[in-house]
Each structure stands twice: as C-alpha cells, then as structure tokens.
Amino acid sequence: MTRLRLCLATALRYAVLEQVRNRLALALAVFFVPVWVGLAYTAMPTAPVRFFLRAADQDVTVAGNVLTQLSGAVHALALIVGFMMFLAARRSAAFDHRLVTAGYPRACLVLAKYLALLLACLLVAGYATAWICVFWRPEQPALLAAALGAGALTYGGAGIMLAALLRSELAGMFLVIMASFVDVSLQNPIANAGADSPVLRWLPTYGAMQSAVVAADTRHLPWAHLGLALLWALTTAAVGTAAFTLHTRSRLGALHRTWRLPPLRHRVYRRAGVNDPELRAGYETCRRLVRRSGQTDYAVTQLVPAPLRPLLWAMYGHGRVLDDLSDSGRTDAAERIDAWVRAMEEDLARGTSTDPVRRALTHAVTTWDLPTGQLPASFATYRRDAAERPDFTSWEQWHAYWHALSFPVGVTRLATLLGEATGTRLGPRDAEALRRWTDAFNLVDALRDLRQDAHLGRVALPLPVFAAHGVTLADLRTGRRTLQLHALVRELAVTAHGWLDEADGLADRHPALAASWRTLIRLQRLQLRALERGRPLSGGRRGTGRLRRALVLHTGRLHAALNWRRLGPVLTPPQGAPAPAPPPPLTPVVPRPRPAEPPLPPRPHAGGARPPAGLGDRVPRHVAIIEVSLRGYPWLQQREETKFLRNRAGRADAPPGRTGVYAQPLRVTNCSASM
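First residue of the sequence shown: 0, per numbering that gives the first Met the number 0; consecutive thereafter.
Keep in mind that the hints were calculated from the coordinates and are not lab data. Please note that the accuracy of each hint is not assured.
To be verified - Here are the simulated distance ranges between beta carbons:
(1) R105 to H496: 46 to 54 Å
(2) E344 to D390: 28 to 36 Å
(3) P276 to Q396: 25 to 33 Å
(4) C132 to L220: 25 to 33 Å
(5) T41 to L164: 25 to 33 Å
(6) V133 to R105: 24 to 32 Å
(7) T41 to T1: 48 to 56 Å
(8) G226 to P276: 42 to 50 Å
(9) A101 to D390: 51 to 59 Å
(10) D56 to G102: 48 to 56 Å
(11) R218 to H265: 20 to 28 Å
(12) A403 to E277: 26 to 34 Å
In this text, a Cβ means the ideal position worked out from N, Cα and C, and glycines have one as well.
Just need the whole structure built from these sequences, with the hints factored in.
Written out as structure tokens, the structure reads:
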C-alpha cells in the first residue's frame with residue numbers, strides 16, 4: 000500500500016505539473032473566461048426569454064443576457080478543460096506506455112489524471128462562478144459552481160478518451176470544439192426555438208445546463224439533473240479509462256504476459272528458480288496446453304510442491320504437442336513428428352531452444368536431471384500413431400503401449416524427487432502403485448473419448464473387450480446408450496476402480512504426499528462415477544459436476560499445502576552446469592569471504608557413474624581442500640611438532656562433533672617439492 004501511495008503521489012504531482020506547463024490553456028482559463036462572460040452579459044439584450052426548466056417541470060423566464068452568459072460559461076469551461084486534458088494525455092501517451100511496460104501501476108496513472116482533472120474543474124468552475132457573481136448575484140452560487148464543474152468533468156473525460164483514440168492533435172481539438180458547440184448551442188432557446196425538445200435530454204451537458212439555470216433564479220435543488228451530469232462525467236471517465244488501458248496495453252506478446260503473472264504463479268516460478276522471462280513464457284505455454292488437455296491433468300500439477308510444477312508443465316506440454324501432431328489426421332503427420340524429434344534432439348544437445356515448449360522441456364531436463372534414454376522409444380511410438388494407431392489385441396499390449404508413452408521422461412525421476420522432498424525412498428511397491436494409477440488414468444481418458452476415437456476409426460481399448468460385449472464402432476459413432484455399451488462401461492469402470500484400489504497404497508507415505516495422492520484418486524473416482532451414469536458418449540470432455548470436483552480439488556490442495564509447509568523440506572532445483580572459469584587476473588586479488596550456502600545435490604557424472612545406494616547419512620557432504628604452499632615449506636620443517644591441516648571453511652560448515660567424518664586430518668611429516 001505504501002508503494003501505491005508513493006506511485007500515486009508521484010503521478011499526481013507530474014500530472015498537475017503537466018497542466019501548469021500548458022500555458023495556452025491557462026491563458027484561456029484566466030483571460031478568456033472573464034472576457035466571454037463579460038461580453039455575453041453586456042452585449043446581449045436583457046429581454047426575457049422563455050426557458051423550459053425540466054428540473055421543475057415548468058417554463059421560467061430568464062433574462063437573455065443571463066441565459067447567454069450561463070450557456071457561454073458552460074461552453075467555455077467544457078472547451079477549455081477538454082482541450083487541457085486532451086493535450087496533456089496526448090503528449091504523455093508514449094511516456095505513459097513506457098511507464099506501464101516498465102511495471103508502473105496503470106491504476107495510479109489513471110487515477111492521477113482524473114484527480115488532476117477534478118482539481119482543474121474545481122478551480123475553473125469556482126473562477127467562472129466568481130466572475131459571474133461580479134455581474135449579478137445567483138440564488139445558489141454553490142449549485143452554479145457544481146453545474147459548471149460537472150459539465151467540465153464530462154468534456155475532460157472525453158478529452159482523455161480522444162487522446163487515446165486519435166492520432167492527430169488537430170482532429171482531437173476539432174472534435175472537442177464542435178461537440179461542445181453543438182451540445183450547448185442546441186439547448187439555448189435564443190439560438191434554437193426547439194430547445195424544449197425531449198431529444199435534447201440525451202446531450203452530455205443537458206444536466207449541467209438545467210442545474211445552472213435552476214441555480215440562477217430559484218431555490219430548488221435539481222438532484223436528478225445533477226446526478227445526470229455526474230453520470231455523464233462518470234461515463235466519459237470510464238470510456239477514457241478503457242481507452243487509456245487499451246492504448247497502454249502490452250505489445251510484447253507472451254513474453255510480456257509473463258511479467259504480469261498472478262502473484263501465486265510468480266511465486267511458483269521464483270521458488271522453482273525460473274527467473275528468465277523467455278523461460279517463463281515457455282513454461283506458461285506448456286501450462287496452458289496442460290490446462291486445455293483435461294481437468295485431472297491440470298490437477299496433478301496443482302497438488303505437487305511449487306518448485307516441481309514447472310517440471311510437470313514441461314513434461315505434459317511436450318506430450319500434448321506430440322499427441323496433437325499424432326492425432327491431427329494429416330498426411331504429413333509422421334514427417335512433422337520427425338521434424339519435431341530432430342529439433343528436440345538438437346535442442347537437448349545445445350541446451351536451449353527457440354520453440355517455447357522445447358525450451359521449457361530442455362530447461363527441465365538439464366535442471367532436474369531427467370532421464371532421456373527412453374525418449375527414442377517414445378518418439379517411435381508417436382511416429383507409429385501418426386501412420387496408424389495399432390489395434391490392441393490384449394491388455395498386455397495396451398499396458399506396454401501406455402507405459403511407453405507415460406514413463407519415458409521424468410515420471411521415475413519425479414517419483415525420486417517426491418521421495419527426496421518427503422525424506423522417504425519410494426520402493427518397487429510404490430512404483431507399481433504409480434503405474435496402476437497411470438493405467439486407471441489412461442482407461443478413464445479412453446472411456447471419455449470413446450465417441451471421438453470411434454469417429455477417427457480407432458479406439459484406445461483392447462478389441463476383445465468390445466467383442467465380448469457385442470459393441471462395434473458403429474454403435475459408438477451413433478452415441479446411443481445400449482445395454483451392451485452400458486455393460487462394457489460398467490466392467491471397465493470396475494477394472495479402473497480396482498486399479499485405483501491398488502494405487503491407494505502410496506497414500507500410506509508422507510502426509511503431504513498422501514494428501515495429494517488421495518485427492519488424485521478421488522478425482523478419478525468422481526470421473527468414473529460420472530461415466531457410469533452415462534456420460535462416456537457426450538462427445539467432449541465434460542466430466543463430473545464442477546462444484547463437487549472443485550470442492551475435492553481445493554480441499555486436497557489445502558491439506559497438501561499445509562502438510563508440505565509443515566513437514567516437507569525446501570525443495571530446490573539442482574545447480575545448473577558450471578560456468579566456464581574466467582581468465583586469471585594479471586594482479587593477485589584477495590577473495591572476499593562468501594557466506595556459507597546450503598548444500599545442493601551434485602550434478603550427475605558425464606560418464607553415467609552414480610554413488611552407491613544405501614549409504615544414507617554416511618555420504619560425505621563437506622569436502623576439505625588441502626593446500627600446501629611452497630613458500631611455507633621452510634616453516635613446516637622448522638616446527639617441532641606435527642601439524643594437522645584442515646580446510647577452514649569445511650571445518651566451519653561441519654556440524655559439531657562430526658568434523659572427522661567429513662574431512663579426515665592429514666599428518667604432514669615431510670614435504671619436498673621441485674620446480
């Protein structure tokens with residue numbers, strides 16, 4: 000809030016200075032208003048003129064010079080204030096756009112402009128009322144000032160609107176002059192015999208003009224017409240705000256959209272160590288692909304710790320792109336997949352990419368040490384799908400197909416990362432539970448898309464299952480709910496429920512992991528119950544009730560977040576590749592002491608070597624670096640007792656009582672060196 004106040008105060012100060020620098024507008028306000036008001040009062044005849052006062056629903060008689068003076072004051076103030084705001088907004092448009100692009104709050108800029116407009120209207124309305132009082136005394140001077148200010152507010156907002164919509168200053172000034180002239184002159188019965196026409200009630204300054212005449216000779220308070228004048232002022236202000244927002248919108252596309260992320264998603268990227276705007280744009284592209292693919296797909300990414308969500312977005316987004324290429328039905332689908340695969344391999348070797356999806360996956364692979372050895376098999380599966388998806392003749396073939404697509408990149412590594420985050424080690428039983436949940440997920444997805452797949456001439460289920468129930472592709476295309484199809488869906492739903500029961504064993508683990516896992520299983524069961532009630536042939540991805548699904552998802556997210564925060568350690572990505580060492584300086588530089596940093600997992604060895612499993616806490620986490628200076632060699636010989644050399648930084652970082660485990664002492668008995 001303090002920052003917003005400071006931004007608003009700064010913007011208001013410069014908005015007022017912008018108006019002060021507009022010397023022509025100031026000269027018009029200071030000199031033109033009294034001259035125009037004085038000439039209208041002295042030059043016009045004093046003969047009475049009939050004016051229909053709709054505020055009192057009666058005809059009143061007003062002196063001709065007074066009516067002309069009031070009409071001229073409304074016109075002059077509308078013209079001057081509209082001109083002032085148009086020029087100020089027009090000249091600062093480019094700078095305002097740069098400010099908004101740089102992160103300055105747009106709301107502060109808009110509010111500052113309208114506060115400056117309100118201040119200008121108050122000053123010029125009071126100034127004009129004071130000059131009117133020099134010639135004659137109105138019954139309600141405060142109401143007269145309010146009426147003049149409301150008319151000026153209306154055209155001031157119109158000036159801001161025109162500055163954002165028009166490219167020429169001359170065009171804007173011409174529109175302000177002509178619009179105010181037509182608006183006010185039509186309401187003057189001296190210039191227009193039909194000034195009492197009901198059509199004129201829709202003019203912008205109609206309420207202001209009626210209120211001004213009421214203030215001249217009556218004690219009536221025209222609340223309705225004052226409200227009408229303020230309504231016109233608010234309308235032009237709203238349109239001006241919309242035009243200003245449109246004019247200062249971003250033109251940098253997806254890259255700039257990542258700068259304006261919601262706070263929670265910005266926090267996710269910050270905790271994942273993704274700070275580059277281009278990388279964030281790539282991850283955002285993947286996230287939108289995941290969200291478009293299905294409800295459960297996106298729910299998986301919402302239930303894991305924040306640092307792992309970009310990793311899942313990249314994995315799912317990459318699979319979504321390949322799946323779309325495979326299912327496009329185009330004759331060149333296989334060639335397009337080959338081109339994508341070649342580009343992916345080149346990007347992995349280079350470490351970056353120009354494509355947003357591949358850039359995100361490349362970053363995830365290099366950051367989280369994702370295994371890529373099974374990628375060729377997955378790519379081959381997508382190529383075969385592009386040519387012709389195989390018909391499954393057994394459940395074994397179905398399992399092998401989906402496991403080849405579901406487990407090539409990152410799923411095993413993700414399980415390891417979740418184990419590290421919870422301080423547990425996922426064993427074979429947990430891996431089997433993960434596979435069973437994946438099988439249930441793919442089965443539910445296949446049931447949900449039965450009709451769409453049938454129109455494509457292929458289904459993602461074993462053919463013997465259809466033959467056993469007497470269901471054909473023609474039955475699926477029609478969408479009729481037959482008894483055979485109902486029995487088929489019921490049997491497959493029972494199978495999926497059984498797989499989910501087997502997958503429920505993973506929920507016995509860490510409380511945070513258990514909360515996430517149970518939520519995923521509940522979401523799957525909700526979809527299965529919806530399918531059992533007769534929704535597998537809806538032709539789309541409509542699933543269970545939104546309210547129930549949202550309740551299950553958000554309750555699970557809350558429980559998981561509380562458990563991750565309370566019990567889970569901070570999960571940070573591993574360090575990236577080390578930067579090349581800079582050339583040694585010509586003069587020796589004494590390094591400054593660096594604060595101790597938390598230990599990070601080491602990068603995997605280039606040759607594929609891994610540390611032995613089962614060491615647990617015995618794996619050393621501090622390394623002592625021993626340095627022996629040739630200059631100190633005579634000093635070492637002169638010492639009477641043997642010295643132990645330890646690395647000072649390593650000893651300081653090691654826990655008390657455990658120094659000997661991390662850095663064994665080195666007994667120096669003799670030193671010899673040759674240059």
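For each hint, the structure was consulted:
At roughly 52 Å, the beta-carbon separation of R105 and H496 lies within the given 46 to 54 Å, and the hint holds. Between E344 and D390 the CB atoms are about 30 Å apart, so this pair conforms to the stated range of 28 to 36 Å. A C-beta distance of roughly 45 Å is found between P276 and Q396, which places it outside the suggested range of 25 to 33 Å. In this structure the hint that C132 and L220 lie 25 to 33 Å apart at CB is violated, the actual value being about 19 Å.
The supplied range of 25 to 33 Å is broken by T41 and L164, whose beta-carbon atoms lie about 40 Å from each other. Our hint of 24 to 32 Å for V133 and R105 is violated, since their Cβ atoms are close to 43 Å apart. For T41 and T1, the hinted distance range of 48 to 56 Å is satisfied, since their beta carbons lie about 54 Å from each other. Restraint check, G226 to P276: a C-beta distance of roughly 47 Å satisfies the suggested window 42 to 50 Å.
At roughly 58 Å, the beta carbons of A101 and D390 sit within the given window of 51 to 59 Å. Distance hint check: the CB atoms of D56 and G102 are about 54 Å apart, consistent with the given range 48 to 56 Å. At about 58 Å, the CB distance of R218 to H265 disagrees with the hint of 20 to 28 Å. One distance hint, 26 to 34 Å for the beta-carbon pair A403 and E277, holds here, with the actual separation near 32 Å.
Checked against the numbered hints above, the structure breaks hints 3, 4, 5, 6 and 11 and satisfies the rest.
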